[in-house]
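Numbering (the UniProt record's numbering), first residue to last: 1 to 371.
Hints are supplied without guarantee of correctness; some may be wrong.
What the hints assert, rightly or not - Have a look at the derived ranges for each label pair, beta carbon to beta carbon:
no.	residue 1	residue 2	range
1	275	221	25 to 33 Å
2	138	97	46 to 54 Å
3	232	36	46 to 54 Å
4	95	344	36 to 44 Å
5	346	91	36 to 44 Å
6	56	257	21 to 29 Å
7	272	133	32 to 40 Å
8	36	344	18 to 26 Å
Source of the hints: derived by calculation from the structure; they are not laboratory data.
Predicted, not measured: the structure shown is a model, and the values here were computed from it.
Quick reminder that beta carbons are idealized off the backbone N, C-alpha and C, glycines included.
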Amino acid sequence: MAKLCANPLWPCAMTGAASALAGIKDLGVIIHGSSGCYIYADMAVSDTLYSTFLVQDEVIFGTSDRLLEVVESISELCGRVAVINTCVPSVMGEDISGTLSEYDCITVDIAGFKGDFDYGWKSAVSALKPTCDPEKNGVNIEGICSLDPYSRGNLNEAERLLHVSEIPKASVFFKDTYNACKNPSCTSISANPDYNTDVSKVTYSILGLKETEDAFEKLSNQFPEANTEPVFNLTEEAEEIMRKAGEKFLRRNDSPRAAVFSTKSYSKFACDILKNYLDAEIVTVNTRNDNNNSDNSDSNNLREIVKKIDAEKPDIILGSSFEYAKFPKKPFFGLTFPIRHQKMLWHRPLCGVEGSLYFMDSVLNSLESKR
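Kindly generate the complete structure, drawing on both the sequences and the hints.
As structure tokens, this is what we get:
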């Protein structure tokens, strides 16, 4: 069952669908709704979006004419078009698929009230209907979600690791052309497993050092011509650097107590590093998108999150600008959307070798800067 979107801590289904489809370079993505829906999605999603900008006249007399007008205009710019429905047209009961039946158009009827970001993201993937091609060579890169503040850095790191291993890159979900996304290869690596399309026959996570090493060991069996030794050397070197840094910190400080607020995969990644290298105590973990965990019912309730932090008094908080705004004097690491309290102009990764090093580096600096 989709998790309802009741507050701004984690975006709605419409934003999730927009985040997936807007990463397709030659696809024009139209938000069919009011300016408010478009402005929020445009703030959250770094890729280009368009909108029908519905006003009261369309709400009263119907939105079909306005929708057709915008689709015709965007079709001239982009060739292919996707239309994402929002709450107002959905409540009105308008059939956007019927209205656009004469157009080569993807329609996603996923109004914000129907679920949260992840539900919308998966609905957009279902509407796209990608199918892997057994004859296509190379490895796809999955888990590139434009809402994720680390998506561009993750893509760079995934491409780098494939390059040093002499393994060809196939499709990127989602930062590629329409045809590439429709017909990927059947093998993938994933920078963020929460946002896998499940189109490949096998997908290997590279979120974490051990995961990266395991992924490229399996790829070396699939691609005998590959040279994965450089990746193993990089992971071994990074492991040693992180181990020494952790030991040095613990010689001068007690093990930190950490509170983690992020998506499911990023939360696990953060907790693993904190426990393995800093012997940290994880006092609370709240995952924004873990809909099946009954103990996680307050994950998107800021009041409850503040109560937990007040009660546990962690040494460091990992989360978003919502948590930072409530506890600005605590050591903090921005792990999930939104991160607005600091500039992020260069593309930081979390996946692969450099991602683990960056995370460890940032956490140590944060802990030591506010002692």
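Right, here's what the structure says about each hint:
1. Here the CB-CB span from residue 275 to residue 221 is close to 30 Å, well matched to the stated 25 to 33 Å.
2. The beta-carbon spacing between residue 138 and residue 97, approximately 34 Å, falls outside the hinted interval of 46 to 54 Å.
3. For the pair residue 232 and residue 36, the supplied restraint of 46 to 54 Å holds, since their beta-carbon distance comes to about 50 Å.
4. For residue 95 and residue 344, the Cβ-Cβ distance of about 41 Å falls inside the hinted range of 36 to 44 Å, so the restraint holds.
5. The hinted range of 36 to 44 Å is satisfied by residue 346 and residue 91, whose Cβ atoms lie roughly 42 Å apart.
6. Checking the proposed 21 to 29 Å range against residue 56 and residue 257 shows it is violated: the Cβ atoms sit about 52 Å from each other.
7. Our hint of 32 to 40 Å for residue 272 and residue 133 holds, since their Cβ atoms are close to 34 Å apart.
8. Distance hint check for residue 36 and residue 344: the Cβ-Cβ separation is about 25 Å, which falls inside the suggested range of 18 to 26 Å.
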